[in-house]
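Fit chain to chain and form the complex, with the hints in mind.
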Amino acid sequence: MKQIITACGSGVATSQTVASKVNRMLAERKINARVEAVNVNNLKSYMKTCVAYISVFPGDKREFPVPVIDGMPFLTGRGIEAQFEKLLEAIGEK
Amino acid sequence: MQAVMNYILNNLGSSVFMPAVMILIGLAIRMRVMDSISSGLMLGVALIGMSMGTAYLVSAMGPVVQAFSVSTGTNLTTVDVGWAAVSAIVWAWPYVLLMFPLFIGINLFMLGFKLTNCLNIDMWNVWEKACTAFLVTGVTGSVVIGLAAGCVQTVVELLNADAQYYHVKRLTGVPGVSCPHPQLIASVLIYPVDLLLRKIPGLNKDINADALRAKYGSFFENHIIGFIVGTIMALIARLPVAKCLQIGVQLGAMLFVLPMLAKLFMQALAPISEAVGEKMKNRFPGRDFTIGLDWPFMGGRSELWLAKVIVTPLCLIMAVMLPGNTVLPIAALGGVYMLSCMVITNANLIRMIILGLLFQPIVFYTASYFAPIITAGARAYGTLKLLPGQTITRLSAGGDFGYVLGSLGKVFQGNFLGILLFAGWVLLAIFYFRGFKKEAKKIREEEEGAEDEGSRAA
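Protein chains in written order, with this note's numbering: chain H, 1 to 94; chain P, 1 to 458.
It is worth saying that the hints were derived from the structure and are not from the lab.
Be a bit skeptical, because a hint or two may be false.
[Claimed, not checked] Subject to a maximum C-alpha distance of 20 Å in a straight line, what follows is the list of computed SDA-like cross-link-like pairs (lysine to any residue): (1) Lys169(P) x Gly77(H); (2) Lys308(P) x Asp60(H); (3) Lys48(H) x Ile224(P); (4) Lys61(H) x Pro175(P); (5) Lys281(P) x Leu43(H); (6) Lys61(H) x Gly92(H); (7) Lys308(P) x Lys243(P); (8) Lys243(P) x Gln267(P); (9) Lys279(P) x Arg24(H); (10) Lys61(H) x Pro101(P); (11) Lys281(P) x Lys44(H); (12) Lys441(P) x Arg198(P); (13) Lys169(P) x Pro73(H); (14) Lys61(H) x Lys308(P); (15) Lys61(H) x Asn346(P); (16) Lys61(H) x Gly173(P); (17) Lys169(P) x Gly79(H); (18) Lys279(P) x Ser20(H); (19) Lys281(P) x Ile80(H); (20) Lys441(P) x Gly173(P); (21) Lys281(P) x Pro73(H); (22) Lys114(P) x Pro285(P); (23) Lys279(P) x Ile80(H); (24) Lys30(H) x Gly92(H); (25) Lys44(H) x Val257(P); (26) Lys281(P) x Gly79(H); (27) Lys114(P) x Arg434(P); (28) Lys114(P) x Lys279(P); (29) Lys281(P) x Pro101(P); (30) Lys86(H) x Val174(P); (31) Lys281(P) x Arg78(H); (32) Lys30(H) x Lys48(H); (33) Lys2(H) x Lys48(H); (34) Lys61(H) x Leu43(H).
Next comes chain P alone, as it looks inside the complex (with noise of 0.2 Å):
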């Protein structure tokens, strides 16, 4: 198996390979010849288009990255690209496409078996389980390893967007939906921290976002953003003045462009999760299940914003200070766990902000230790172009649950740590569904009393 893949990837690169199979699929759930072809041949425009962009930040990126360690004397070498780039890594990857069906399975199984009340309809995040299954094979070196973390982190996201279905609810205001989305694993995490944070007294202040929002604007458009870090990264590698700006110019356009290149992917993939996305919800007729949704639709609360703004530049500092780290934080900025922070906290900004900075070192540590992984990904599927020696990785990198299932991956190679960290993760996570779940009770009866109030009074 592993000769015959190889085989195709020398002689026809992911390129072409990729498209081949995803026509091969469109065909397979009836969608017509042409807009099988034309989906198919836009993955290949989408891996292309991307190799283009991330070669080129990393050419530009790299020996200010490695001119910047040089002179402030930290080992900072890490390039971080961007979940954009990476994506494109994940997305030239063999066995990417195994991903859906097994999603795809699993969710169907637990929703007939009434596991979870979630159809997850995030065809997109799908490509955040396959980042993990190639991460994971990465470490263990097995596939078939490599996706069953995968399999794993689908069930934790649909059991993690029932116990949050009613916090949830409460931040936005909208019934029937919920977020199954990865980055809300760290809540395990978060979830015991913040239960001491809520016993200090004076951390309970409510302070009015949204005016502070309108008052500052919306986070600096991306362009400006890697403008200012491209110049100031460039000033502190003591470029000459004429380098930096253009450096600065660079990053600002590489932070906008490479996310419109990412889109071409959900292009390709748009007629087919559409339709699965029908099939799915045609399945269960009559049943009241929550649509599971990317994140965006929580991102009406402004706080999300403030405390990713706040946060962003004590989280560079950070990265300069921390010992053991190798990441320069250049594409994704502050506060990755924050989405996490704002469900517990229930929006409360002062203690997002706390959370997140202090959950920020692991962010910086995981993504230290799969940059290895995701460098050698770059170099073996071809779609980034590497200066020999040079690193890349992504701040979300797997993150705390990626580490976690590959650490447990690492037991079928006489590793054993990693099942201690896999229990203490279980007995975390215990600890947290049964405190959210008593916390969904008391907001759920919340509701009820005010709806009762309403009806009373009308």
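The shape of chain H in the complex, shown without the other chains (with noise of 0.2 Å):
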């Protein structure tokens, strides 16, 4: 089960709002990963385990040892499918 990362400020709204969306539609095509939302805090702990981090601070210059993807999209609504294919892209699902 691959782990991927989102985060927010206290690791309950915004970014379980991101990982709950994305976890449906991982699970509409069967892809074996998950998404879990934790306190941007914390982000650190979890590097070490996880295969991609969606960030949902747009403008955040950090670098991080995996691959980022903009988180803004499965917020909006707005080129979701598109970046949903860039997140399987970058967890090697295509």
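Written out as structure tokens, the structure reads:
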């Protein structure tokens, strides 16, 4: 089970919204990956075990050891399909 | 109506009643039966989980806070249990779910009549409006007035999201999204003060926040912060060292675990909020509105995190020294209004810190003011087990606007100070909206100018 991480200020609302949405899309395509929502302050701990990071902080200039996918389309719905394909490519499920 | 509510609550309890309502709502919006039941029960899980967590937090921290105030000679006996714990109380409030149709109705109405350009799909923060409703109900004794206050907040949030759109876009670079978060309503108060600050030379230095943030890492992780604050607090309270370390680990655990439990509320809500969000979007095909989101999309700016880190220790000191403050800020830590400060100053770190500190006293006083109501709610709706005489609160409880609304609500009890306060707030709001409109126009012109140059160069 590939782990994908998303984070927001609390790890509760915004990141959970993205996680629920993407998990639903992953389930529909029967892909063996799961998104987990965490608190942005705890990101470092999860970097070692995840294969990608969906960021809802546009403009965040920090470097991460895994591919970073812009999470805004999952929140607004605009361009969501294309973004999902990008995510699949990043985790090697294309 | 009240009698029916009391009967239901006393016999069923909110952990049965709320899931039942949730299941009915799921069925009403035509979710599959199993999904509705799952969502409803998940809400019950969330309520019980939070109840467990906050009971532990209060029983572990309560005695420490008491000892702390005794040994420092201060009156900081109210425990700041954080937004997660207070959200549990609000979610158990019998009238909380009423805020949803009110919120959606108001948004659709305003969109339909072009009073706003913001489609607020942030269903999570409906709990914030319900929290205001809950607090104002506590202050005025009337649920109708409380819900009305929640409605007023909804309207102001949408208008504010529109007013700040270009400023926020300049900060994040993301078009098409706005932020109707209630914490931004404080901008009304903060804006005029920033205008004064802008006149002081030397405060407009450009600081490379990204470099600073990379150097000092992001804000310490929750469990580490909790450990540090808990241990220091217990040491100041003159508890034996072994006990201090235990308290440190306990608080670290609480600051880490409570938000995780609060996540369960979101999980319970997720299918419903998604369905509602989709329906709302489909209401207005072809119309170019902005999508209203929760604040994290502004969190890419390092200035926000830096300012919070710097302001937090100063706020702790302030809590001890501020006369009349009874709140020990162990959960929410610093800079509650930092978001507003960032938008108004366009992420100018120095002014953000100054403004954040200037307005922090309001945070402490309103948190102290609403503490009795939150405490009463915790006892009444049974989500928390408190020691007798213990009070709790949350730092961003109500805030400045909540207080104004509460005072206005009291007008109906013959307390006319509320009208003056509200009138004063409205005047400030008009000044703010006008000022921001002018600034927004300038920002827009600058953007378009830059775009023109770009296309000329291309």
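Status of each hint after checking the structure:
1. Between the alpha carbons of Lys169(P) and Gly77(H) the distance comes to roughly 18 Å, so the proposed pair stays at or under 20 Å and holds.
2. About 16 Å separates the Cα atoms of Lys308(P) and Asp60(H), which keeps this hinted pair within 20 Å; it holds.
3. For the given pair, Lys48(H) sits about 19 Å from Ile224(P) by alpha-carbon distance, which is consistent with the 20 Å threshold.
4. Proposed proximity of Lys61(H) and Pro175(P) is supported: the alpha carbons are some 18 Å apart, at most 20 Å.
5. Restraint check: the Cα-Cα separation between Lys281(P) and Leu43(H) comes to about 32 Å, which exceeds 20 Å; the hinted pair is violated.
6. Annotation: proposed proximity of Lys61(H) to Gly92(H) is violated, straight-line Cα distance about 24 Å (limit 20 Å).
7. For the suggested pair Lys308(P) and Lys243(P), the alpha carbons sit about 29 Å apart, so the restraint of at most 20 Å is broken.
8. Annotation: proposed proximity of Lys243(P) to Gln267(P) is violated, straight-line Cα distance about 36 Å (limit 20 Å).
9. Among the hinted pairs, Lys279(P) with Arg24(H) is consistent with the structure: their alpha-carbon atoms are about 18 Å apart, no more than 20 Å.
10. Restraint check: the Cα-Cα separation between Lys61(H) and Pro101(P) comes to about 39 Å, which exceeds 20 Å; the hinted pair is violated.
11. Simply put, Lys281(P) and Lys44(H) have alpha-carbon atoms about 36 Å apart, too far for the 20 Å limit, and the pair is violated.
12. In summary, the hint linking Lys441(P) to Arg198(P) is supported, as the alpha carbons are separated by about 19 Å, within the 20 Å threshold.
13. About 16 Å separates the Cα atoms of Lys169(P) and Pro73(H), which keeps this hinted pair within 20 Å; it holds.
14. Of the supplied pair hints, the one linking Lys61(H) and Lys308(P) holds, its CA atoms being roughly 18 Å apart against a limit of 20 Å.
15. Annotation: proposed proximity of Lys61(H) to Asn346(P) holds, straight-line Cα distance about 17 Å (limit 20 Å).
16. Simply put, Lys61(H) and Gly173(P) have alpha-carbon atoms about 13 Å apart, close enough for the 20 Å limit, and the pair holds.
17. Taken as a hint, the Lys169(P) and Gly79(H) pair is honoured in the structure, with Cα atoms around 18 Å apart against an allowance of 20 Å.
18. Between Lys279(P) and Ser20(H) the alpha-carbon distance is near 18 Å, which keeps this suggested pair within the 20 Å criterion.
19. Straight-line distance between C-alpha atoms of Lys281(P) and Ile80(H) comes to about 14 Å, which keeps the hinted pair within the 20 Å bound.
20. A hinted pair counts as satisfied when its Cα atoms are at most 20 Å apart, and Lys441(P) with Gly173(P) qualifies at roughly 17 Å.
21. Of the pairs offered as hints, the one joining Lys281(P) and Pro73(H) holds, with about 14 Å between alpha carbons and a cut-off of 20 Å not exceeded.
22. Restraint check for Lys114(P) and Pro285(P): the C-alpha separation of about 14 Å stays at or below 20 Å, so the hint holds.
23. Using a Cα cut-off of 20 Å, the hinted pair Lys279(P) and Ile80(H) holds, with the two alpha carbons roughly 17 Å apart.
24. Annotation: proposed proximity of Lys30(H) to Gly92(H) holds, straight-line Cα distance about 14 Å (limit 20 Å).
25. For the hint pairing Lys44(H) with Val257(P), the CA-to-CA distance comes to about 17 Å; that is within 20 Å, so the pair holds.
26. A distance of roughly 15 Å separates the Cα atoms of Lys281(P) and Gly79(H); the hinted pair therefore holds under the 20 Å criterion.
27. Restraint check: the Cα-Cα separation between Lys114(P) and Arg434(P) comes to about 19 Å, which is no more than 20 Å; the hinted pair holds.
28. In summary, the hint linking Lys114(P) to Lys279(P) is supported, as the alpha carbons are separated by about 18 Å, within the 20 Å threshold.
29. Pair hint Lys281(P) plus Pro101(P) holds up; C-alpha atoms about 16 Å apart against a cutoff of 20 Å.
30. Between Lys86(H) and Val174(P), the direct Cα distance comes to roughly 19 Å. Compliance with the 20 Å bound is thereby established for this hinted pair.
31. Pair hint Lys281(P) plus Arg78(H) holds up; C-alpha atoms about 11 Å apart against a cutoff of 20 Å.
32. At most 20 Å may separate the alpha-carbon atoms for a hinted pair to count; Lys30(H) and Lys48(H) exceed this at roughly 24 Å.
33. Taking the CA atoms of Lys2(H) and Lys48(H), the gap is about 12 Å. The hint holds against a cut of 20 Å.
34. Proposed proximity of Lys61(H) and Leu43(H) is supported: the alpha carbons are some 14 Å apart, at most 20 Å.
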